[in-house]
Each structure stands twice: as structure tokens, then as C-alpha cells.
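Same order as they appear, the protein sequences are chains A and P. Residues in the first sequence are numbered from 1483 upward in steps of one, following the working numbering. Residues in the second sequence are numbered from -6 upward in steps of one, following the working numbering.
No wet-lab data here; the hints were simulated from the structure. Keep in mind the model is a prediction, meaning the values are calculated, not measured. One should not assume that every hint holds.
Stated by the list, open to error - Only pairs whose alpha carbons sit at most 27 Å apart, straight line, appear in this in silico BS3-like list of lysine-lysine: (1) Lys58/P <-> Lys70/P; (2) Lys1590/A <-> Lys51/P; (3) Lys70/P <-> Lys45/P; (4) Lys1561/A <-> Lys1590/A; (5) Lys70/P <-> Lys1561/A; (6) Lys51/P <-> Lys70/P; (7) Lys58/P <-> Lys1561/A; (8) Lys94/P <-> Lys70/P; (9) Lys1590/A <-> Lys1537/A; (10) Lys51/P <-> Lys1537/A; (11) Lys94/P <-> Lys45/P; (12) Lys94/P <-> Lys51/P; (13) Lys45/P <-> Lys58/P; (14) Lys1590/A <-> Lys45/P; (15) Lys94/P <-> Lys58/P.
What the hints assert, rightly or not - To give a feel for the contact side, a few chain P residues facing chain A, derived at Cβ under 7 Å: (16) Arg36; (17) Gly37; (18) Leu38; (19) Trp40; (20) Tyr52; (21) Phe88; (22) Pro93; (23) Ser97; (24) Trp100; (25) Gly103; (26) Leu105.
Think of the CB as a built atom: it goes at the ideal place given N, C-alpha and C, for glycine as much as any other residue.
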Amino acid sequence: DVVLTQSSLSLPVTVGQPASISCRSNQSLLSSDGNTYLNWFQQRPGQSPRRLIYKVSNRDSGVPDRFSGSGSGTDFTLKISRVEADDVAIYYCMQGTHWPRTFGQGTKVEV
Amino acid sequence: EVQMVASGGTLVQPGGSLRLSCTTSGFIFSDYWMSWLRQSPGRGLEWVANIKNDGSDKYYVASVKGRFTIFRDNAEKSLYLQMNSLTADDTGVYFCARDPKYNSGPWGQGTLVTVSS
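Could you build all of it, start to finish, from the sequences and the hints given here?
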């Protein structure tokens, strides 16, 4: 199975400052169809996960533009340009290129 | 509004069986691949199974293959997960969702399965 490693389990941040979360795969996530199926999810306390970003860098509808995704191959990053209090959550990367789909272990963003 | 409501979770003994249900609304159910996922403190977030929109293809994570069966009823807009030979490792909150590889949208509140004697 593909292993996704998020570099930090916890990320202390300051409101108004940028934040960055890394996700590294042990295999390339470039699919044979030319797409890279790396998604990012946000899970706020007491809620179910919500997808933020799909195929590396595409924001889902309703996701603030302070969230952005980047990367290729095996290295990916989720960036929050200016953290807000509402962003306190656990963030997960997920790959859909290989079966089974797998998730990173999560990074808890704490203000 | 897209909604998923999972149910059927409860306390069950090791070796027991359980069937989870997911009722959906707000979208054309028969158009979508559907997924079961689970979350536990020990295993984190884990994708469990997928089923094609017409039910003809199914995929499972290795740890549940041969024990769990995903199926659906498109007329009822419902998704199911039959779980047999349960172990403590199957404990967690189970979510149903439109395949998160391709789709956004809510996962619902989940249903808690606890496997313990």
C-alpha cells in the first residue's frame, strides 16, 4: 500500500500568519491517465472530514482562497496564506492513484 | 442539499456480525461510486470499500477482504456494509461518502462500531 507521511503531527500557528503542511508519498502519485490524485481534507473538532483540495491544487467549491495546494510526484504541500481561528482542525492528505486509497496520519493545526 | 445518514453501529462481540446502512438524498445516487471509510484513534482515517455506481465492481482494503461486503440499492438510494468476523481492529466510526477521490460533499456524521467482549 502507498504510505503517505505528513511531516508534523502538530503545527502551532499564529492567527494572521501563514502555515504549511507537507505530505510525502513512498510512490509516485502520477496516474497513467496523467492526473495526480492527491487530495486534502480538513476535519474540524467534532465534525466529519471535508474535502478542501483535489488533484493537488484544485479548491473545492466554497473553500476560501487562502487554502492552496501544490506539489508533484511524491511531495505535496497544503498552504494556508493567513491562518484564521476557524482553521483549527486536523488536515489529512489522501491519495487516490493506487488501490487501496490511503490517508496520511493527519496534522493538527493549533492556534 | 446532499445528505448521508449512516446507521447500524453498535457494540458487538468479537466474531460477531453487523450491517451498516447509509441513506442518502440530494443527489442522483445511481450516478456515483460510493465509499465506506472509517476512523479510529489507533488506525486514523482508513478507506474501507468502494462500489461502482451500478454495483458491478467492488474494492476492499486488504484487512477486510473476505469479511466485509459492500452493496447498494439504487432504487432506495442506500448503501450498505455487511461486516462479519469482526475484531477489535474494526472498532471505529464508519462514514459513507461519495467516492472522495472524485467528489466533495458531506460524509455524514458516521456511525460508531465497537467490537468488544
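*Could you grab the alpha-carbon distance between Lys51/P and Lys70/P and see if it respects the 27 Å cut-off?*
holds, 17 Å
*Verify the proposed pairing of Lys1561/A with Lys1590/A, using a straight-line Cα cut of 27 Å.*
Holds, because 14 Å separates the two Cα atoms, which is no more than 27 Å.
*asked:* Just to be careful: measuring from the Cβ of Leu38/P to every Cβ in chain A, is the smallest value less than 7 Å?
replied: holds, 4 Å
*When you check the alpha-carbon spacing of Lys58/P and Lys1561/A, does it fall within 27 Å?*
violated, 36 Å
*Assess, step by step, whether the Cα of Lys1590/A is no farther than 27 Å from the Cα of Lys45/P, and give holds or violated.*
Between Lys1590/A and Lys45/P the Cα gap is close to 33 Å, so the pair fails against 27 Å, i.e. violated.
*Does the CB of Trp100/P sit less than 7 Å away from some CB of chain A?*
holds, 4 Å
_Between the alpha carbons of Lys58/P and Lys70/P, is the straight-line distance 27 Å or under?_
holds, 24 Å
*Sort out whether Lys51/P lies within 27 Å of Lys94/P, counting only the CA atoms.*
Holds - the C-alpha atoms of Lys51/P and Lys94/P are around 15 Å apart, at most 27 Å.
_Take the shortest C-beta to C-beta distance between Phe88/P and chain A; is it under 7 Å?_
holds, 6 Å
*Pair hint outcome, Lys51/P versus Lys1537/A [Cα-Cα no greater than 27 Å]*: At roughly 23 Å apart (the allowed maximum being 27 Å), Lys1537/A and Lys51/P satisfy the hint.
_Next item in the hint list is Arg36/P. Is there a CB on chain A closer than 7 Å to its CB?_
violated, 10 Å
_Satisfaction of hint between Lys45/P and Lys70/P, Cα-Cα up to 27 Å_ = Given pair Lys70/P, Lys45/P holds - Cα atoms ~13 Å apart, limit 27 Å.
In this structure, the earlier hints numbered 2, 5, 7, 14, 16, 26 are contradicted, and the remaining ones agree with it.
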